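Number of protein chains: 2
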Amino acid sequence: MAAESGKKWVLTVTAQTPTNIAVIKYWGKRDEDLILPINDSISVTLDPDHLCTTTSVAVSPAFTHDRMWLNGKEVSLSGGRYQNCLRELRSRASDVEDEEKGIKITKKDWEKLHVHVVSYNNFPTAAGLASSAAGLACLVFSLAKLMNVKEDHSKLSAIARQGSGSACRSLYGGFVKWIMGKEENGSDSIAVQLADEKHWDDLVIIIAVVSSRQKETSSTSGMRDTVETSMLIKHRAKEVVPKRIIQMEEAIKNRDFPAFARLTCADSNQFHAVCLDTLPPIFYMNDTSHRQEPFFNSSFINVIVPHFYLPIISCVEKWNRHEETPQVAYTFDAGPNAVLISHNRKAAALLLQRLLFYFPPQSDTDLNSYVIGDKTILKDAGIHEMKDIEALAPPPEIKDTNLTQRHKGDVSYFICTRPGRGPVVLTDESRSLINPETGLPK
Amino acid sequence: MAAESGKKWVLTVTAQTPTNIAVIKYWGKRDEDLILPINDSISVTLDPDHLCTTTSVAVSPAFTHDRMWLNGKEVSLSGGRYQNCLRELRSRASDVEDEEKGIKITKKDWEKLHVHVVSYNNFPTAAGLASSAAGLACLVFSLAKLMNVKEDHSKLSAIARQGSGSACRSLYGGFVKWIMGKEENGSDSIAVQLADEKHWDDLVIIIAVVSSRQKETSSTSGMRDTVETSMLIKHRAKEVVPKRIIQMEEAIKNRDFPAFARLTCADSNQFHAVCLDTLPPIFYMNDTSHRQEPFFNSSFINVIVPHFYLPIISCVEKWNRHEETPQVAYTFDAGPNAVLISHNRKAAALLLQRLLFYFPPQSDTDLNSYVIGDKTILKDAGIHEMKDIEALAPPPEIKDTNLTQRHKGDVSYFICTRPGRGPVVLTDESRSLINPETGLPK
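The listed protein sequences derive, respectively, from chains S and L.
Mapping to full-length UniProt numbering: the first sequence position 87 is 87, numbers consecutive.
Mapping to full-length UniProt numbering: the second sequence position 206 is 206, numbers consecutive.
Same shape as in the complex, but just chain S (with noise of 0.2 Å):
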């Protein structure tokens, strides 16, 4: 296995992968184990700076078996769709040799040797925010540089698409288009770059989250149960969405914003409306503003977060229909989230200064807590602390201000990115989150 086999050598790498938001969206496989979706789909890549799974993977003659700690807990890497992955990646594995350290693995070594993960979102698990698409997608990033897997991003994207689904779109930065494929196999369900993040930089991303105290929820049962159940989802994915699919290419090619964001907002809603013509319907759902019990105990059901979603969907076409050109486009996905992609940091400002007006903090909230990310819009926006969001006047567009509710505390906190880049190996070894003489997490 190595010229010093004897010796406890432990080789690590660390990789930073992002996460992202589709604006086509993902919903309803056509094949569940190798998920294959039922039509191709479109996002951005988040700036890893505000959101990102960072993983070190180690392996080590010393490890007994596979293990992995996701966000300082120790979890399981027996489900099918881990163990899928990991099969995937030790198949294409190569040659690695590290003079330095005298280790020498060969290509047939990495099937018997195991692996240790270490893995952490600097943003909530399971807020909705694709954390398992990022996850996944390090996982497969990092694995496939320590064990020398020669393939492209392309041919990773298939094998993280295997752990989930969206996570073969966080193989690359900026617009990403997850090809649905045609294969029975899935070799071509892949991702492709369609630009990279410098290509259209303008863009503002501010994501209000909601909870950050829910539970993981699959989105699994729920897909399944709209391809069975809707008789809209056929019609969506067959004929609504590829026709999308080329308007939102060429929207990204174009700058267009108009464009952009009228796809944006319609697929977003659509989603929701074939989840709504499921049986029985789907609703997305926030713990904060009313806990339900499940509607059945196989699946957890979420509920629409009414406090929420709608006073943002208002607000965004109220001001969009008042400008006569929008401004900001809105996407929901299955979690209690909403993501507003702005024009540009002037329209960004604009919008937070609205986002700020209709969901103050809490009054012993900290600012600096509040809005993260980017706080340099906050300054844009003029505001500096907490006395100027209680001086916000209500939007111009505003006809009755009498009417104009405020939702002091329904949003925990905003995070201000953009359009960010792909996967990248942190070489600075201080970032591992691996001790390098025990091959456990720091």
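Simulated from the structure, these hints should not be mistaken for laboratory data.
Please read these numbers as outputs of a predicted model, since none were measured by experiment.
It cannot be assumed that every hint is accurate.
Stated by the list, open to error - DSBU-like cross-link-like pairs, simulated, lysine-lysine; straight-line CA separation at most 30 Å:
no., chain 1, residue 1, chain 2, residue 2
1, S, Lys442, S, Lys104
2, S, Lys238, L, Lys379
3, L, Lys379, L, Lys346
4, S, Lys182, S, Lys150
5, S, Lys8, S, Lys442
6, L, Lys234, S, Lys318
7, L, Lys379, S, Lys243
8, L, Lys318, S, Lys29
9, S, Lys234, S, Lys198
10, S, Lys243, L, Lys234
11, L, Lys107, S, Lys29
12, L, Lys234, S, Lys238
13, S, Lys29, S, Lys104
14, L, Lys346, S, Lys234
15, L, Lys182, S, Lys234
16, L, Lys379, S, Lys234
17, S, Lys238, L, Lys243
18, L, Lys238, S, Lys182
19, S, Lys238, S, Lys182
20, L, Lys234, S, Lys182
21, L, Lys234, S, Lys29
22, S, Lys253, S, Lys238
23, L, Lys379, S, Lys318
24, L, Lys346, S, Lys243
25, L, Lys29, S, Lys238
26, S, Lys234, L, Lys29
27, L, Lys234, S, Lys234
28, S, Lys29, L, Lys243
29, L, Lys238, S, Lys243
30, L, Lys238, S, Lys234
31, S, Lys238, L, Lys238
32, L, Lys29, L, Lys182
33, S, Lys408, L, Lys238
34, L, Lys379, L, Lys408
As the list claims (entries may be wrong) - One-sided excerpt, in silico: chain S residues whose CB lies under 7 Å from chain L:
no., residue
35, Asn122
36, Val240
37, Leu276
38, Pro280
39, Pro281
40, Val424
The beta-carbon is built from N, C-alpha and C at its ideal position, and this holds for glycine as well.
Please arrange chain L on chain S, whose structure you already have, making use of the hints.
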């Protein structure tokens, strides 16, 4: 005009017309002036003992113009839809003779004579209980009787349709289909009876009324927006509804409650799904749970009632699943009320227990005004006084009672009713709403 036209005679007719609830929904017009729909719909007529419009119409040579009073207030008849109905009826009027009163009106006289219309709903106007359906149907039916229009109910339904689309379905009792028709002039867009109210008289219908304080809001602009912007509505109208209509007719014919319930719930959810697929998205609303400014000045767009819709859907879905066969179907129109159709009296009593458990009245409410209509269901449910509601245990299908929320005060009242008869003329003069001397409201 009459043998004694110098005498100020007043000739009146009084009729009562039921409201109806669609179980296969009407949403979307192909012709806005003629009110021609993009799909067939099916409704259940509700018992007029509990929900109906009573309308008295009068004609007199002393009347100087057409006038109408609705629920005690004079309203304008100048709207295009009223005018269409009046024109259609006048053109079909026949000779009328009342020898006793010495009145003789010829076919030609009707062009010059004016009418008074006095209408009264025994339920809240514009609370989403299809008051316009019952109202327009009653207007057309009573005027047709007054004017001796010799057309059958089907032809009258085509006239009522031009006043308010769903009004055409109120011309019959029991189960009614509105055939969309193919003709450009709308002559074949008529209602037909599928089965009368005795065909399936086990059914018990419970309506939860959320707010009777709501303003009249037209669904016209919402439908138009959906037809213009939804990518799913055409598929619904062309592919989904035609199949469901066949299945629903079959379910009604065979009194197949599981099929009836499945189709009813699925179609209600799909109707709300296409509303959500509209740009801007349409949600349905309730004044009580949150007031919100209309999205735009041009149209008042409603917003979902989560405190209300979701617990009801959740309650019904859980119970149906627990029983392994549907006990009850839910359907929500473009308004803030829920209509629940139970298989039989036994299921209705169990449903009412559940509804009263989840939606108890405010403590100062009188039980007698909280559950109205057929109160025998309340007795079957074992509820005799307010403390019986307080003593209700959570339904057995609830696993975790800690997570169960009760929504005190969210429902204004419940109406227990059943499928009912079509329009009738009330011959008892004391039921007339018009003073036979003055021709004005009593």
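For each hint, the structure was consulted:
1. S:Lys442 to S:Lys104: Measuring from Cα to Cα gives roughly 25 Å; hence the hint holds.
2. S:Lys238 to L:Lys379: violated (52 Å)
3. L:Lys379 to L:Lys346: Holds, at about 11 Å.
4. S:Lys182 to S:Lys150: Holds, because 24 Å separates the two Cα atoms, which is no more than 30 Å.
5. S:Lys8 to S:Lys442: holds (17 Å)
6. L:Lys234 to S:Lys318: holds (27 Å)
7. L:Lys379 to S:Lys243: Violated, at about 57 Å.
8. L:Lys318 to S:Lys29: This hinted pair holds, its Cα atoms lying about 26 Å apart.
9. S:Lys234 to S:Lys198: Roughly 35 Å separates the two Cα atoms, so the pair is violated.
10. S:Lys243 to L:Lys234: holds (16 Å)
11. L:Lys107 to S:Lys29: With Cα atoms ~66 Å apart, lysine 107 (chain L) and lysine 29 (chain S) exceed 30 Å; violated.
12. L:Lys234 to S:Lys238: With a Cα-Cα distance of about 14 Å, the restraint between lysine 234 (chain L) and lysine 238 (chain S) holds, given a limit of 30 Å.
13. S:Lys29 to S:Lys104: violated (41 Å)
14. L:Lys346 to S:Lys234: Violated. Lysine 346 (chain L) to lysine 234 (chain S) sits at ~39 Å, over the 30 Å cutoff.
15. L:Lys182 to S:Lys234: Distance ~27 Å between lysine 182 (chain L) and lysine 234 (chain S) Cα, so the pair holds.
16. L:Lys379 to S:Lys234: violated (47 Å)
17. S:Lys238 to L:Lys243: With a Cα-Cα distance of about 20 Å, the restraint between lysine 238 (chain S) and lysine 243 (chain L) holds, given a limit of 30 Å.
18. L:Lys238 to S:Lys182: holds (28 Å)
19. S:Lys238 to S:Lys182: Roughly 13 Å between the alpha carbons, so the hint for lysine 238 (chain S) and lysine 182 (chain S) holds.
20. L:Lys234 to S:Lys182: Distance ~27 Å between lysine 234 (chain L) and lysine 182 (chain S) Cα, so the pair holds.
21. L:Lys234 to S:Lys29: holds (24 Å)
22. S:Lys253 to S:Lys238: holds (23 Å)
23. L:Lys379 to S:Lys318: With Cα atoms ~49 Å apart, lysine 379 (chain L) and lysine 318 (chain S) exceed 30 Å; violated.
24. L:Lys346 to S:Lys243: The hint is violated at about 51 Å.
25. L:Lys29 to S:Lys238: Measuring from Cα to Cα gives roughly 25 Å; hence the hint holds.
26. S:Lys234 to L:Lys29: This hinted pair holds, its Cα atoms lying about 24 Å apart.
27. L:Lys234 to S:Lys234: holds (13 Å)
28. S:Lys29 to L:Lys243: holds (25 Å)
29. L:Lys238 to S:Lys243: holds (20 Å)
30. L:Lys238 to S:Lys234: Holds, because 14 Å separates the two Cα atoms, which is no more than 30 Å.
31. S:Lys238 to L:Lys238: With Cα atoms ~16 Å apart, lysine 238 (chain S) and lysine 238 (chain L) stay inside 30 Å; holds.
32. L:Lys29 to L:Lys182: The given pair, whose Cα atoms are some 13 Å apart, holds under the 30 Å limit.
33. S:Lys408 to L:Lys238: violated (45 Å)
34. L:Lys379 to L:Lys408: holds (21 Å)
35. Asn122: violated (31 Å)
36. Val240: holds (4 Å)
37. Leu276: holds (4 Å)
38. Pro280: holds (4 Å)
39. Pro281: holds (5 Å)
40. Val424: Because about 38 Å separates valine 424 (chain S) from the closest Cβ in chain L, which is outside the 7 Å limit, the hint is violated.
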